[in-house]
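2 protein chains.
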Amino acid sequence: MSSEFEFLDRIRKKFSLGKTGDDCAVLPKDSKTDMVITADMLVEDIDFRLDWGRTELLGHKALAVSLSDIAAMGATPTWAMLSLAVPERLWDSKLLDSFYESWHELARVHGVELVGGDISKTDGKLVIDSIAAGEVPRGKAILRSTASTGDPIFVTGPLGGAAGGLKSLEDEMFQCFFPPFGTLRLTLKQLQPTPRVEAGKLLQSQGLATSMIDISDGLSSDLAHICRASGTGAVLHSEKIPIYEFLDEITHDPGELLDLALNGGEDFELLFTCDRKKISAAKKAGFCHIGEITANEGIVELIVDGETRVLTPAGYSHF
Amino acid sequence: MSSEFEFLDRIRKKFSLGKTGDDCAVLPKDSKTDMVITADMLVEDIDFRLDWGRTELLGHKALAVSLSDIAAMGATPTWAMLSLAVPERLWDSKLLDSFYESWHELARVHGVELVGGDISKTDGKLVIDSIAAGEVPRGKAILRSTASTGDPIFVTGPLGGAAGGLKSLEDEMFQCFFPPFGTLRLTLKQLQPTPRVEAGKLLQSQGLATSMIDISDGLSSDLAHICRASGTGAVLHSEKIPIYEFLDEITHDPGELLDLALNGGEDFELLFTCDRKKISAAKKAGFCHIGEITANEGIVELIVDGETRVLTPAGYSHF
Chain A
8 MSSEFEFLDR IRKKFSLGKT GDDCAVLPKD SKTDMVITAD MLVEDIDFRL DWGRTELLGH
68 KALAVSLSDI AAMGATPTWA MLSLAVPERL WDSKLLDSFY ESWHELARVH GVELVGGDIS
128 KTDGKLVIDS IAAGEVPRGK AILRSTASTG DPIFVTGPLG GAAGGLKSLE DEMFQCFFPP
188 FGTLRLTLKQ LQPTPRVEAG KLLQSQGLAT SMIDISDGLS SDLAHICRAS GTGAVLHSEK
248 IPIYEFLDEI THDPGELLDL ALNGGEDFEL LFTCDRKKIS AAKKAGFCHI GEITANEGIV
308 ELIVDGETRV LTPAGYSHF
Chain B
8 MSSEFEFLDR IRKKFSLGKT GDDCAVLPKD SKTDMVITAD MLVEDIDFRL DWGRTELLGH
68 KALAVSLSDI AAMGATPTWA MLSLAVPERL WDSKLLDSFY ESWHELARVH GVELVGGDIS
128 KTDGKLVIDS IAAGEVPRGK AILRSTASTG DPIFVTGPLG GAAGGLKSLE DEMFQCFFPP
188 FGTLRLTLKQ LQPTPRVEAG KLLQSQGLAT SMIDISDGLS SDLAHICRAS GTGAVLHSEK
248 IPIYEFLDEI THDPGELLDL ALNGGEDFEL LFTCDRKKIS AAKKAGFCHI GEITANEGIV
308 ELIVDGETRV LTPAGYSHF
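Residue numbers (our numbering), protein chains in the order written: chain A, 8 to 326; chain B, 8 to 326.
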């Protein structure tokens, strides 16, 4: 039996689904503009659970994961489509109404228009295919493959919150008691992520980013994607990695906190390499300088307390 | 409990999924071109069955249903995306390899490029979201809403074959014996439909069609869609409706044959209303003149042996 990883690898290659190797496919629109487009297939009990409560946030999250891909290209989102396979047990529930409301609430924030999609019944699980498109000046989409040795590495915000939220949601205690404020904030990082659309546009328009990806799998995995695509390595300074403040609700152990920030997925912050001449502008914009790109192809190193170790990608390898 | 129809209706309105009321959404591309885009969600055991055999044709069908939507707008297909939710039982089967092969075989015929998509695991059914886009001269996409009273009604080819194929596939006898040639042809109409892309482009470029839809639900239902969108009625002449030749493998009863042609879905022929001045060009191109648009809003009539009866849409109402 293939492992998930072998299956993923084989089928991605077969179907060219990772063809562009980027968060979105880039297609010419007109003489001045490229269109970027992405699809995210979300499956009940794999990518989300209905028994977590707060199902009213599911529409938000479905759109957010796709807008995050648009943001990672430095593009401005424009329109979206939704395809749903809906089991009969949900037809009369309030779930789809609230799905719709939270989807549109986020869409309004970013001026995204729902232009189409499809709906089918299923006798299996709820499946959502979220498709979103955006625009970027011609030839200016920010790719994963364009990092250079010496480029400083940045993230747009603190990490580990969504993974901490997942831990809280999976903790049965959380289901029984009214959670403390910090725990609630953690769970919202998981259930209601903020796509960093404005940050992505800023990084593109000011020419700050030389390469970019959104952190969906986890910092260690997503940085490895950039290194693989760019033919480089990287070094991270552990003390510079920003850790989501409310993680202290679930642990005070520095190793565990670092692990959540390095390997926790779905924070949907942007990870980018910066034009060396513009490092101060990136810092001024509030982004965090966490390391540098190296010539050490395929190797990501982590410096902890002055000691260097090789960092293995250990983020969530979803399909 | 809502019926499928009530649920469909409610959720389509909520999500504006039928917003444009057409087979595709139409979006401006550049000053000379519109982009059309469609998504089709295909669910195992709802839209297809793996125990029908010939699963190697599933990739063909997934792309064909979307190309048929592109054809119905008079557009030229350009690119596509595929999102798959795949249960573990299929990871090591040959199904995905053959899915890939038959998808690409049809894509090559129409010059369609696979630009992206997503893949997720599922512990439910196999789900395929097929997304396809095309291009049409600006403002020239053929809509459902532009039929006028007096316009002749045409179909591009014979009807009922796919429904006959479905009957054969559901017949257990078919599973046991090697089918006769005619039955095989019927099942291929169901499993390997031909999207009428060239016909759609011809109808658009020569200005023949005043409105158009593809026959996915069935002639009676799809003609009702045109009438509703255009605020018209229609009259069909039963003896003019072309019936797929190999249907005589399963019945010789004229009423049953007519029923299959009127109400059988998934033939993926194009149903269009014709510019009255160009009726002879449409006939010369080999298309079949089957009726006329009337002012009798919302009423589709059928003339059988000189008697007129009201035709109720009775095609397959999928989601």
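Calculated from the structure, these hints are not laboratory results.
You may find that some hints are simply not true.
Copies of the same chain are indistinguishable here, so a pair counts whether it falls within one copy or spans any two.
Taking lysine-lysine pairs in the DSS-like style, the calculated list, with each CA pair at most 27 Å apart, reads [stated by the list, open to error]: (1) 39 x 285; (2) 132 x 101; (3) 174 x 128; (4) 39 x 147; (5) 128 x 291.
Here's how the hints hold up against the structure:
1. Proximity of residue 39 and residue 285 under a CA criterion of 27 Å is satisfied intra-copy only: 25 Å inside one chain copy versus 39 Å between copies.
2. With identical chains, the CA atoms of residue 132 and residue 101 are at most 27 Å apart both within one copy (17 Å) and between copies (24 Å).
3. Taking the shortest alpha-carbon separations for residue 174 and residue 128, only the inter-copy value of 21 Å comes in at or below 27 Å, while the best intra-copy value is 32 Å.
4. Taking the shortest Cα distances, residue 39 and residue 147 sit within 27 Å of each other both inside one copy (10 Å) and across copies (23 Å).
5. In this assembly of identical chains, residue 128 and residue 291 lie within 27 Å of each other by CA distance neither inside one copy nor across copies; the values are 50 Å within and 41 Å between.
Violated hint for the displayed structure: number 5, the only one.
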